[in-house]
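Residue numbers (this note's numbering), protein chains in the order written: chain P, 1 to 343; chain D, 344 to 686.
It cannot be assumed that every hint is accurate.
[Unchecked claim] Between beta-carbon pairs, the in silico distance windows are: (1) P:Asp-113 to D:Pro-626: 45 to 51 Å; (2) D:Asn-390 to P:Lys-317: 51 to 57 Å; (3) D:Asn-636 to P:Asn-72: 43 to 49 Å; (4) P:Gly-108 to D:Lys-562: 17 to 23 Å; (5) P:Lys-69 to D:Lys-562: 51 to 57 Å; (6) D:Ile-370 to P:Gly-294: 36 to 42 Å.
[Claimed, not checked] Coverage of chain D stretches by chain P, computed from C-beta distances (three or more under 8 Å per stretch; other residues unrestricted): (7) 491–498; (8) 561–569; (9) 598–610; (10) 630–644.
Treat the hints as calculated values from the structure; they're not laboratory data. Glycine included, each C-beta is placed from N, C-alpha and C at the ideal position.
Number of protein chains: 2
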Amino acid sequence: MKKERVAVIGSGNWGSAITRIMANNVIEHGNLFERDINMWVFEELVNNRKLTELINEKHENVKYLPGYKLPNNVRAVPDLIETVQEATILVFVVPHQFVLKVCEKLKGKISSDVKAISLIKGFHVSESGLKPITHVISEYLNINVASLSGANIANEIADEKFSETTIGYTNVKEGELFKILFQTKYFRVGIIDDVVGVELCGALKNVVAIGAGIVDGLKMGDNTKAAVIRIGLLEMRKFMQTFYSGIKDETFFQSCGIADVITSCYGGRNRKVAEAFVLTKKPFEQLEKEMLNGQKLQGTLTAKEVYQVTKRKDLEKEFPLFTTIYRIAYDGLAPERIVKDIV
Amino acid sequence: MKKERVAVIGSGNWGSAITRIMANNVIEHGNLFERDINMWVFEELVNNRKLTELINEKHENVKYLPGYKLPNNVRAVPDLIETVQEATILVFVVPHQFVLKVCEKLKGKISSDVKAISLIKGFHVSESGLKPITHVISEYLNINVASLSGANIANEIADEKFSETTIGYTNVKEGELFKILFQTKYFRVGIIDDVVGVELCGALKNVVAIGAGIVDGLKMGDNTKAAVIRIGLLEMRKFMQTFYSGIKDETFFQSCGIADVITSCYGGRNRKVAEAFVLTKKPFEQLEKEMLNGQKLQGTLTAKEVYQVTKRKDLEKEFPLFTTIYRIAYDGLAPERIVKDIV
């Protein structure tokens with residue numbers, strides 16, 4: 001049997017943390033996998049040195065996951081095409097705004113029997129609505145694409161603290177192979193036949209986290225926060241089941257569902273900035289500059305994208321929490337309406 | 344049509360808070376309900392005066408819900424039989440250790456067309472296993488019994504902060520009637536055809552909260568906590584679906600399910616005492632004395648009851664989290680095993 005060769009496309013905080021795991025696993029399961037893993041690194045200078053050179057010299061992503069060694073079977077590669085050469089498994093873990101660019105470069109260069117899995121959060125906004133990233137990759141490259149998402153704060157996983165994740169697979173044999181590639185004693189993988197459900201949970205939970213942050217800012221107490229989280233989870237499910245096919249109820253019981261929603265609503269930047277929005281009355285744009293170094297907040301952006309889709313289909317009243325969160329963030333609606341307009 | 348007359352059996356913190364709501368609702372829906380509500384109060388002396396007299400004079404449960412007025416259509420009654428006379432709806436909200444005593448007194452005195460709903464948390468431990476409180480009441484009194492449970496901290500509801508609850512009904516018409524009796528603008532009621540599922544969530548969530556507290560004490564981070572909560576919710580579901588019939592997956596998406604689990608795992612005494620158990624290494628019994636004025640912790644007690652049931656059926660390995668929590672609380676197992684023994 002031919003062994004699988006893994007290539008990782010992306011090398012940020014999450015990409016580096018998950019590559020540490022895979023690099024150990026391909027060695028442990030040497031009967032299934034080739035030893036060496038190429039990791040595509042978007043080249044940049046760090047202290048006047050190329051990041052790829054630093055990674056390959058120090059076996060550490062000194063910029064995005066400092067303090068954690070990468071196994072020495074990981075090789076940082078600045079050229080995308082070189083990265084994927086001979087690979088039979090592609091792991092996509094770039095920020096979602098880079099997906100199209102990456103796919104355009106890879107188009108026509110990937111064999112149709114290559115397996116792929118996407119760890120990317122977010123949607124691709126297209127004319128027809130919100131397209132799952134796995135579909136974008138799949139259409140460009142003409143390959144099956146699985147998804148992985150869960151309550152996975154990268155640094156806690158690098159610290160080898162116990163956590164879980166979920167893989168949505170297109171066929172069960174592939175799902176089991178990916179499970180072997182990703183699972184460790186402290187990083188537990190569940191697999192489920194629902195690629196889109198798994199990945200969209202990772203995008204939509206950020207909207208719910210904005211809602212949780214608003215409730216925190218209003219100091220409305222534990223009952224209210226739990227209610228908003230629950231309603232948010234149900235609107236996530238309804239949104240997915242309205243606009244996509246094959247979404248399973250069971251997906252929401254997995255790590256990608258409730259667990260990730262909980263983590264995002266009690267920790268995480270979306271909750272934090274939304275709380276500050278209520279407390280300081282500053283607009284989100286200003287808070288992004290002050291609190292996130294100008295990075296865009298995912299939750300408010302996704303709330304807007306979701307609102308546009310529901311509005312276009314005249315369904316915004318079917319999603320009262322999502323719609324209210326959008327209006328609070330973008331339309332000047334008073335934060336207090338969050339619990340009034342969902343009744 | 345004959346109007347319904349409501350009697351409340353119980354007058355603690357939660358009983359008083361929910362009676363405030365019902366007392367307003369029976370007036371608002373005067374076409375369906377008689378105006379006056381009897382509330383059974385276990386007589387005791389407060390500052391040398393009878394509690395029932397104080398409540399009826401001040402329209403406030405000065406001992407268990409001080410600071411919140413009870414509408415004046417609520418009458419505190421020290422005699423149980425007098426309380427339920429003429430009642431067509433019984434609302435049970437006594438601590439679960441008093442259920443049998445109450446039922447024995449009421450036995451033979453309740454017409455079989457009386458409707459009942461139980462807000463009581465916990466099991467009745469019998470020789471055949473763990474019996475839902477609604478079954479106990481139903482068997483004693485030969486009436487249908489619905490259940491109500493949710494993310495409902497009593498004082499937050501008395502403060503009229505937004506929250507949700509769930510009613511498990513035996514028939515939908517009755518479910519809708521109870522919804523009218525309990526729902527307000529700020530207290531939203533969902534109804535579902537799953538009496539036992541709703542009530543047992545309220546009992547089992549305390550075991551999960553012990554697990555969450557242990558993780559907090561170990562400072563294992565957000566991923567781990569979310570994972571333990573998720574696994575806990577799934578063991579709750581599995582336990583119920585193994586030992587009871589008619590439990591619906593959908594129940595766990597309601598307020599009684601995920602929302603109540605979340606509230607209990609981030610606030611609440613079970614979480615707090617379990618955290619202290621890890622940090623101080625004192626036994627639970629001692630912590631109960633120090634932190635709870637000697638009151639018993641519900642979560643550890645339920646963990647033990649659940650363990651005995653699963654052990655008797657040789658199924659304790661099917662519930663690794665519940666079993667590990669039991670062993671940490673009662674068998675001296677190291678708290679760190681909480682994430683090792685569930686893999």
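Hints and how they fare:
For the hinted restraint 45 to 51 Å between Asp-113 of chain P and Pro-626 of chain D, the CB-CB distance of approximately 59 Å leaves it violated. Asn-390 of chain D and Lys-317 of chain P have their C-beta atoms about 53 Å apart, which keeps the hinted 51 to 57 Å range intact. In this structure the supplied range 43 to 49 Å is violated for Asn-636 of chain D paired with Asn-72 of chain P, their Cβ-Cβ distance being about 58 Å. For Gly-108 of chain P paired with Lys-562 of chain D, a C-beta distance near 50 Å fails the hint of 17 to 23 Å.
Between Lys-69 of chain P and Lys-562 of chain D the beta carbon distance is about 23 Å. The supplied range of 51 to 57 Å is therefore violated. For the hinted restraint 36 to 42 Å between Ile-370 of chain D and Gly-294 of chain P, the CB-CB distance of approximately 55 Å leaves it violated. Check on the region 491–498 of chain D: 3 of its residues sit with their Cβ under 8 Å from a Cβ of chain P, so the three-residue criterion for coverage holds. Counting residues of the region 561–569 of chain D whose CB lies closer than 8 Å to any CB of chain P gives 7, which reaches the minimum of 3, so the coverage claim holds.
Coverage of the region 598–610 of chain D by chain P holds in this model, with 8 residues showing a Cβ closer than 8 Å to a Cβ of that chain against a need of three. Only residues whose beta carbon comes within less than 8 Å of a beta carbon in chain P count, and the region 630–644 of chain D has 0; fewer than three means the coverage is violated.
The structure fails to meet hints 1, 3, 4, 5, 6 and 10 from the earlier list, while all remaining hints are met.
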